[in-house]
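**Student:** Work out the full structure: start from the sequences and follow the hints.
Numbering (my numbering), first residue to last: 315 to 447.
None of these hints come from the bench; they were simulated from the model.
Among these hints, one or two may not hold up.
[As the list claims (entries may be wrong)] What follows is a list of derived Cβ distance ranges for each label pair:
#, residue 1, residue 2, range
1, A432, T350, 36 to 42 Å
2, T350, G393, 52 to 58 Å
3, V394, R366, 26 to 32 Å
4, R370, P392, 23 to 29 Å
5, L416, A361, 40 to 46 Å
6, P436, A349, 37 to 43 Å
7, S386, A348, 55 to 61 Å
8, L424, A374, 19 to 25 Å
9, R319, I345, 46 to 52 Å
10, R420, V394, 23 to 29 Å
11, P436, G362, 20 to 26 Å
12, E444, R383, 14 to 20 Å
13, V398, F343, 49 to 55 Å
For each residue, glycine too, the CB sits at the ideal point set by N, CA and C.
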Amino acid sequence: MGAWRRRTVRCAGPRDQEGFTTVEVLVAFGIAAAATVMAFEIAGTAAGAVRRIEARRVAADEAEGVVLRRLSEGPLRPGVVQGVFSDGTPWTLSITDLRPALGLGRVPPLWQVRVTGASAAPLYATLIPETIE
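**Tutor:** So this is what it looks like as structure tokens:
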């Protein structure tokens, strides 16, 4: 007698398929899109920060120029001078004698020279002793 062979017919199930399902592909695209959006946000934030830092550096350089220009005009005297930076923002130069605040009586003046911007935040400040020749 012949041996009966039993044949097993297998239907293709989920484990027999190769590749990715549609859901897996959509999830991968979603993750990639979220990562791309986050990368663009980070790049935009970094670019804005670089622009702000550069603007502050330029303002500090111009403020130092204001002080040097005033020093070249002659001896310092207490007072306030106002002007405008190259980008149109206003500045204020204030010169103060610190002797009374420090309790120094009979010594040469110690000048506090400070440049502030539109927000009244100091952009440049220094102390300059008056030299006696």
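**Student:** With reference to the structure, classify each hint as holding or not holding.
**Tutor:** Comparing the hints with the structure gives:
{"no.": "1", "hint": "A432 / T350: 36 to 42 Å", "in the structure": "holds, 38 Å"}
{"no.": "2", "hint": "T350 / G393: 52 to 58 Å", "in the structure": "holds, 56 Å"}
{"no.": "3", "hint": "V394 / R366: 26 to 32 Å", "in the structure": "holds, 27 Å"}
{"no.": "4", "hint": "R370 / P392: 23 to 29 Å", "in the structure": "holds, 28 Å"}
{"no.": "5", "hint": "L416 / A361: 40 to 46 Å", "in the structure": "holds, 45 Å"}
{"no.": "6", "hint": "P436 / A349: 37 to 43 Å", "in the structure": "holds, 42 Å"}
{"no.": "7", "hint": "S386 / A348: 55 to 61 Å", "in the structure": "holds, 57 Å"}
{"no.": "8", "hint": "L424 / A374: 19 to 25 Å", "in the structure": "holds, 23 Å"}
{"no.": "9", "hint": "R319 / I345: 46 to 52 Å", "in the structure": "holds, 49 Å"}
{"no.": "10", "hint": "R420 / V394: 23 to 29 Å", "in the structure": "holds, 26 Å"}
{"no.": "11", "hint": "P436 / G362: 20 to 26 Å", "in the structure": "holds, 23 Å"}
{"no.": "12", "hint": "E444 / R383: 14 to 20 Å", "in the structure": "holds, 18 Å"}
{"no.": "13", "hint": "V398 / F343: 49 to 55 Å", "in the structure": "holds, 52 Å"}
Comparing the model with each earlier hint shows no violations; every hint is respected.
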